[in-house]
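These protein sequence lines map, in sequence, to chains A and B.
Residue numbering for the first sequence follows the working numbering, beginning at 1 and increasing consecutively.
Residue numbering for the second sequence follows the working numbering, beginning at 1001 and increasing consecutively.
Any given hint might turn out to be false.
To be verified - Here are some of the chain A residues that sit facing chain B, going by a computed Cβ distance under 7 Å:
| id | residue |
| --- | --- |
| 1 | G33 |
| 2 | E50 |
| 3 | M55 |
| 4 | G83 |
| 5 | L115 |
| 6 | P120 |
| 7 | W122 |
Simulated from the structure, these hints should not be mistaken for lab results.
Glycine is no exception: its CB is placed at the ideal position from the N, C-alpha and C atoms.
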Amino acid sequence: MIRVQHAPFDPGGEQQALTKGRTDIGAVVSFTGLVRDFNERPDVTALTLEHYPGMTEQALADITEQAMHRWSLQGVSLIHRVGCLSPGDPIVLVLVASAHRRDAFDACAFIMDFLKTRAPFWKKEHTRSGHYWVAEREADQRDANRWEDEQ
Amino acid sequence: MSGSDNMNLSHMNARGEAHMVDVADKEESRREAVASGYVQMQSETLELLVEGGLPKGDVLATARIAGIQAAKRTHELIPLCHALPLSKVEIEFRVDEAASQVDVTARCRLNGRTGVEMEALTAVSVACLTLYDMCKAVDKGMVIGAIRLDAKTGGASGDFKRQPGETPIVTASCSDGEVGMPPRRASPGLRVKCLAELRERMGVSELDVEFTELEHTNIAGLKQALRQRDSRFSLLQGQRVLCAVNQVMGSDDTPLSDGDEVAFFPPVTGG
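Please work from the sequences and hints to get the whole structure.
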């Protein structure tokens, strides 16, 4: 399940939806990304997330599919918010269900690493001293590259 | 139809009186019209609109319904319009942060004997008015602008597509990816989008490029053609500028075909 939305999400409710009626799932790993009030500057008051409608959904589906291919998974839920967010707001939710924990842990990390470097989202941070577009981080690229090396 | 007939006002009879045109003997054909406009507002209002913080609730959903309803009731508002069984009414909104406005596009379609441009224009107008109504509690200075027909196809008067104005570049007020491109145009051209920081730095969100402008039919060739149009596009040469062709990541060597959608954007920073 993949969704790009303005509205907030409820990780607990999403996990229940993912596992409802299923008894073959032995592990669910969940990652929630939140808006920090410090990043490139120390006083972030809001965050605007822009995306490329159409391509975003395709890119997320492609990343999820790659994860399904690499690990034995029973289900994936991926929600990413767009629009204007405040510090503390949840931005992204990745839920990965598998029979055994290792697959779910690794696939969840993989999906986030690829999402950060391949899905067309852009963040603009608003601070008391003005707003600016967030720069890419080399560490994110390194995190994503480690999965390429493994292949 | 001769040229002079073309200049006649079809809603006037020989005595110069208003009359409704008899369309019973006209051939049925597929008619489509696209119209657009915008509502410009304070950036704070736009933010509230996007995050759903306005007192009257979901602005865009309400304005969409208003636009659709209005298209269906055009004949009740415009005296000499026929009541039409529209087969499709589509309202699209695009939030343009750079210009601090909401772009509104309406597309109407039917198989029938008369055009649907009045329906598309009415839909845009009422959707814009509804946006104003939904936001006026926080911003009374909003401006509704540039309501116009972008394209129409079908019917005896022929196809119409608004030509770009004097400036070679369509800036922030341009309309969404699916409009302005009638289905039976001989050459659809390339639709180019600039996203996020790149859009703001170049002041361009979308533009059309004729396929024949390209010396080399790949991304590098497109960048070259754009640079020849305007020096601001030299920003696209930057090492960290990414691109997608038909929403799949590409590079300078990616070949292009007529009708492709190309997007340029900075490195992604989601998650």
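Checked hints:
no.: 1; hint: G33; in the structure: holds, 6 Å
no.: 2; hint: E50; in the structure: holds, 5 Å
no.: 3; hint: M55; in the structure: holds, 4 Å
no.: 4; hint: G83; in the structure: holds, 5 Å
no.: 5; hint: L115; in the structure: holds, 5 Å
no.: 6; hint: P120; in the structure: holds, 6 Å
no.: 7; hint: W122; in the structure: holds, 4 Å
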